[in-house]
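Protein chains in written order, with the working numbering: chain A, 1 to 514; chain B, 515 to 691.
Hints listed in this document are in silico derivations from the structure and should not be mistaken for laboratory results.
Where is the CB? At the ideal position from N, CA and C, for every residue including glycine.
Just so you know, not all the hints are guaranteed correct.
What the hints assert, rightly or not - Here are the simulated lysine-lysine pairs, DSSO-like style, with alpha carbons at most 30 Å apart:
hint : chain 1 : residue 1 : chain 2 : residue 2
1    : B       : K639      : B       : K605
2    : B       : K639      : A       : K364
3    : B       : K605      : A       : K104
4    : B       : K639      : A       : K116
Claimed, not checked - The calculated label-pair distances, taken between Cβ atoms and stated as ranges, are:
hint : chain 1 : residue 1 : chain 2 : residue 2 : range
5    : B       : V643      : A       : V328      : 52 to 58 Å
6    : A       : E78       : B       : F550      : 39 to 45 Å
7    : B       : D547      : A       : L457      : 39 to 45 Å
8    : A       : N503      : B       : P620      : 46 to 52 Å
9    : B       : F550      : A       : E428      : 27 to 33 Å
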Amino acid sequence: MNVFLSLFWCVLTAMLMWPGSGAAAEIGPNKPRASVFVAQKTDDASSQSQGAAPREYPLGGTSVEDLLLQKGTITMDEWIQIKAEQEYRVADQSRRIDTLEEWKNRTELLPILRDKVNFGLNALQFLYSHLDAQVPEGRSQDGFSIRRSEMLFWGKISETIPRWHILMEFQSINLTNNTPTSGASTPTSATFFRESYIDVRPIQSWAPNLNVIRMGIFRMPFGIFTETSGGLRDVISSPYLTSVGGGGGPPQNANGTGGQIEFIQERDYFVDVRGKIANRLEYAVGVMNNNNYQANALVSTTSGLSGANQPKAFYTRVRLFGNDVSFVSFTTLQGESNNAGTMINGRGKGRFDRYGIDARYTSKLFPGFMAQGEYWAGHDGANATTVGTAANGACQVISQCGGSGAPGVQRRTWYVLAKYLITDGMFENFEPTVMYEQFDPNTSMGNDLYTRTIVGLTYYFENFPPKVQSKIQINYEFRHHAGLGTGPNTPPYDSATDPFANNAFFVQFQVRFM
Amino acid sequence: MTRVSATVLAVFLGIAACSTYQLFPAEVMDGVDPNFDFSQWRMIPNQALERKIQLGGSILHSERKDANVTIVVTQLPIVEHPAYGPKDMGKRSGEFAVTFMGQIEPPMLQRGNRLIVVGTTKAAKVVTVDDMPRSLPSVSAKCLHIWNTGGRDIADFPSYGAGYETLEEVTFCATAQ
């Protein structure tokens with residue numbers, strides 16, 4: 001049966017392919033059949049001699065080869081050869097365009113081309129430093145180092161999730177000690193990321209009044225310096241308001257004037273709401289762990305147990321803009337802090353608060369000139385402790401509660417910074433900078449003031465902030481530290497070995513591109 | 515007293531939040547055609563001459579000559595949210611040229627910056643973009659407002675540089691036309 005069926009189909013196919021039945025196969029209205037010229041077809045006429053009787057020429061345009069053929073300059077064989085080459089070229093081009101189209105369709109779907117995934121170099125900084133202080137055996141006054149090696153990854157998932165953000169600091173692999181309640185401190189793994197956050201814009205029509213809810217770890221909205229990326233800072237050293245003391249200087253003491261003090265932490269784990277009203281009033285309101293950027297390492301992923309009684313600090317910042325780039329802001333942090341289980345230096349147990357005012361003036365009258373300043377004051381609970389030293393509670397008896405044994409202290413710091421970017425002439429792209437700052441670790445005590453004047457010169461190779469900034473910075477720091485306070489609890493002080501009492505010189509080369 | 519102050523502040527902020535963001539003086543905006551069809555104008559630019567319009571976009575190319583600036587702009591819709599201004603929706607709708615009588619600093623003319631222009635439509639103008647001459651519908655600008663975003667959307671800018679950045683924005687008005 002199958003043999004008969006196959007035979008039937010063969011006969012039917014043969015009939016349909018028979019030239020006589022070609023017209024029947026055509027669907028649609030009858031048309032006069034134009035003579036179709038196929039380039040590959042050979043023509044008997046090609047063998048005829050030139051200058052023979054006029055003949056029919058192909059339809060569809062008067063190209064050069066058609067004219068040449070018409071005038072008898074080329075033979076039909078040559079014409080066919082030219083046409084064949086043209087057809088081949090067209091077919092090749094269309095094949096290549098098809099391939100490109102196919103790749104375009106594929107690549108268009110790549111997240112990196114849809115702004116969903118991006119990456120950039122936040123800051124790669126090579127630093128030379130020289131410190132005038134006497135240094136212990138094995139340490140040096142001069143050194144080369146990588147100050148920052150930060151890659152940034154970010155993207156926009158949708159209008160509702162307008163940004164995700166991860167910043168990797170490739171030197172964040174050192175183990176950091178936290179503050180145990182007793183005994184020796186344990187090295188705790190630090191986080192490889194410095195920043196990692198998600199923005200959520202819940203209702204589009206509420207933005208920018210209620211712009212985003214931000215959650216994660218990031219530079220805190222505490223003043224100007226704290227929020228400025230390391231790749232965009234005007235001086236090399238961090239200001240005293242984020243960190244002062246330690247680093248080989250005198251250790252913590254019962255006056256609360258020694259050891260490292262991180263008065264305002266740069267980064268923390270938080271959730272906050274941010275927005276801008278009438279394009280003039282910007283605000284941020286949130287709650288944070290108050291435990292520094294390494295604190296993720298203290299969280300148990302199985303039980304959820306984490307460090308230092310978190311979350312426990314509330315903050316708010318309002319910033320009033322005079323114009324697009326000049327503003328004044330008011331910030332406050334309120335809550336509790338702990339000395340045990342924390343990773344922030346100089347925090348005691350008990351009431352914690354900060355009040356800050358900052359302002360920036362970017363001149364439109366003298367383009368290139370900018371001045372900014374911040375003033376901060378606040379209280380740290382009793383027994384403020386350097387991270388890694390055992391501490392357990394607010395009592396001021398070191399044998400009982402560990403820590404520094406200091407009472408609760410009021411601290412204060414401020415700075416002013418001014419710079420001028422030269423935009424033409426011989427010194428184009430040079431930027432002189434000057435900064436003066438003070439830090440008073442205990443306002444109720446004299447003879448403990450840190451002061452510093454930084455004189456700097458920056459040369460920009462490329463300067464398109466915030467995306468691109470390649471530069472070399474030269475800073476000289478005139479440092480002074482009055483001492484460790486007054487009274488019977490004051491330990492002896494040797495300014496020769498205190499890095500914060502001796503001048504320093506820095507040269508830093510930076511690349512930033514995103 | 516504190517409660518009254520808080521209430522007054524809340525009312526003030528509420529009013530401020532709901533108020534419309536106005537970039538240009540009222541007299542500049544007077545007579546602007548609110549129903550201007552950009553796509554039609556782009557196809558037949560010489561049919562709608564001397565109409566006062568407002569358009570938003572992103573700077574593609576600019577050229578400064580004497581006291582004039584010619585800017586080639588990719589048109590973008592102007593939105594209220596998440597931030598007022600031109601917003602990239604991911605769809606290309608075409609380019610137009612802006613001629614401005616006045617000075618604009620080079621950083622404000624960098625590619626990708628967002629702008630809003632108010633001006634009158636003029637005959638199509640031939641401009642050279644990437645060494646290719648192109649005939650584009652043109653606007654003679656009365657006023658321009660430029661956001662120095664360098665290619666980012668206005669709402670995305672403050673968090674763009676792994677920190678906080680203020681967004682520079684400037685309004686320029688033509689000295690003479």
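### Violations among the numbered hints
Hints 2, 4, 5, 6, 7, 8 and 9 are the ones this structure does not satisfy, whereas the remaining hints hold.
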